[in-house]
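Student: Start from the sequences and build out the full structure, keeping to the hints where you can.
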Amino acid sequence: MALQPDSLFPTPRFDYQELLHNSTFCIIPRGRRLGSFRFLEALQTACIPVLLSNGWELPFSEVIDWSRSAIIGDERLLLQIPSTVRCLHSDKILAFQQQTQFLWEAYFSSVEKIVQTTLEIGYSIKSPAQGSSGTHFLGGLLALPEFSTNPGDFPFYYLQHGSSPSSKFTAFIRAVSPVVSLSQPILKLIQAVSKSQYCAQILVLWSCEKPPPQSTKWPQTAVPLTVIHSSSKVSDRFLPYPAIGTDAVLGLDEHTSLSTSEVDFAFVVWRSFPNRIVGFPMCSHFWDASRGQWSYTSKWTNEFSMVLTAAAFYHRYYHSLFTNYLPAGLRSLIDQIANCEDILMNFLVSAVTKLPPIKVTQKKQHREAPSQQLLRSAPPSNGNLQFSQRQACVNQFAAWFGYMPLVHSQFRLDPVLYKDQVSVLRKKYRHLEKA
371 MALQPDSLFP
381 TPRFDYQELL
391 HNSTFCIIPR
401 GRRLGSFRFL
411 EALQTACIPV
421 LLSNGWELPF
431 SEVIDWSRSA
441 IIGDERLLLQ
451 IPSTVRCLHS
461 DKILAFQQQT
471 QFLWEAYFSS
481 VEKIVQTTLE
491 IGYSIKSPAQ
501 GSSGTHFLGG
511 LLALPEFSTN
521 PGDFPFYYLQ
531 HGSSPSSKFT
541 AFIRAVSPVV
551 SLSQPILKLI
561 QAVSKSQYCA
571 QILVLWSCEK
581 PPPQSTKWPQ
591 TAVPLTVIHS
601 SSKVSDRFLP
611 YPAIGTDAVL
621 GLDEHTSLST
631 SEVDFAFVVW
641 RSFPNRIVGF
651 PMCSHFWDAS
661 RGQWSYTSKW
671 TNEFSMVLTA
681 AAFYHRYYHS
691 LFTNYLPAGL
701 RSLIDQIANC
711 EDILMNFLVS
721 AVTKLPPIKV
731 TQKKQHREAP
741 SQQLLRSAPP
751 SNGNLQFSQR
761 QACVNQFAAW
771 FGYMPLVHSQ
781 FRLDPVLYKD
791 QVSVLRKKYR
801 HLEKA
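Positions in the sequence shown are counted from 1; adding 370 to them yields the numbering used here.
These are computed hints drawn from the structure, not numbers from a lab. Hints are supplied without guarantee of correctness; some may be wrong.
[What the hints assert, rightly or not] Have a look at the derived ranges for each label pair, beta carbon to beta carbon:
hint, residue 1, residue 2, range
1, LEU390, ALA613, 41 to 49 Å
2, CYS457, ARG408, 19 to 27 Å
3, PRO594, GLY699, 32 to 40 Å
4, THR454, HIS599, 46 to 54 Å
Here the structure is a predicted model, which is why all the values come from computation and not from measurement. The C-beta atom is built at its ideal place from N, Cα and C for all residues, glycine as well.
Tutor: Written as structure tokens, this is what we have:
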């Protein structure tokens, strides 16, 4: 009796992809070679890989601790695998599964990420004194080494899967001067920011030796205003303060001047680009071939690579990365010279995103970055010193990262109908055009 084709190749009883997604552990034996494409399939589906391939050098092991996401077995002790996986506590299983997802998203989910990581490892091998190490690479910055059930610890992972950032922001103002007059810029700034429909609270980081004004001396605002006492260290502005309760942080210096319309528009833009710095004062870097080093410029041009945190929105998660992942030596450097913390934050964000910051429109009277306004009002020797410090910082930061992460851009976002010859009644941010 002849066999029918259907009986020769019976329909599978199970769907392979469904099995992967429903499995807690996936055995990954060696293929024709040491490695196996089943390994990446397991990572993608959060199935904990159980590797049975003695001598296999796992991908990107220079920057990934695979013991946190995979069980590395011994081919000669195959019968011990069941007891090994049964001994894992449920919390550790969840931690393993979570880490497989971050590793997949950070390193293996696209050809671009695989190439970027390969190039960065190559840079570190070529220049070991300058290269990064451990979780300082690429997507490693996006994943915490410990298990956590708090979505706020992994914002970019959840944003990639459709979640939205919070609809309010926290204004974070660093104050280094005593308040002695009602006309000081910081008081006007607080009033303007507090009128924003998106402002949830205002935090004043008090880094002045003299005590802050009494609560009755601060402007009356519709949102809570809290004073946080701090040291004079410039790195303190990027500590992960528990008081920051929103995804968005509006970083501000005490001399910054912004209108409510400018703040509103910049926040709306940031909500579309929550992993990037969105703001006003800009500067750039360029390669000085004659000196064989990177140079820094704050000239007003069409091209920029940094948006300074004297007036910019960014995700609060960067406070955690700045404090916990950047080496203490870099933070000590900026604290010692009381400068360059805004440049270092731009390096960090660009290293994570591989993208430039976003500049939004502003009034002509705000064309200079606040830090540069301060430099112009300071003695020439002091201004030159601070500028040379920033020049040196760009080269020192690039040396630590092992490459130049900053990305140039000529992209600026303006409101619809901005500067168009139409009725102002048709413009949502009409106050932006007033001098």
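Student: It remains to establish, for every hint, whether it holds in the given structure.
Tutor: Here is what the structure says about each hint:
| no. | hint | result |
| --- | --- | --- |
| 1 | LEU390 - ALA613: 41 to 49 Å | 43 Å, holds |
| 2 | CYS457 - ARG408: 19 to 27 Å | 24 Å, holds |
| 3 | PRO594 - GLY699: 32 to 40 Å | 36 Å, holds |
| 4 | THR454 - HIS599: 46 to 54 Å | 51 Å, holds |
Violated hints for the displayed structure: none, as all numbered hints are satisfied.
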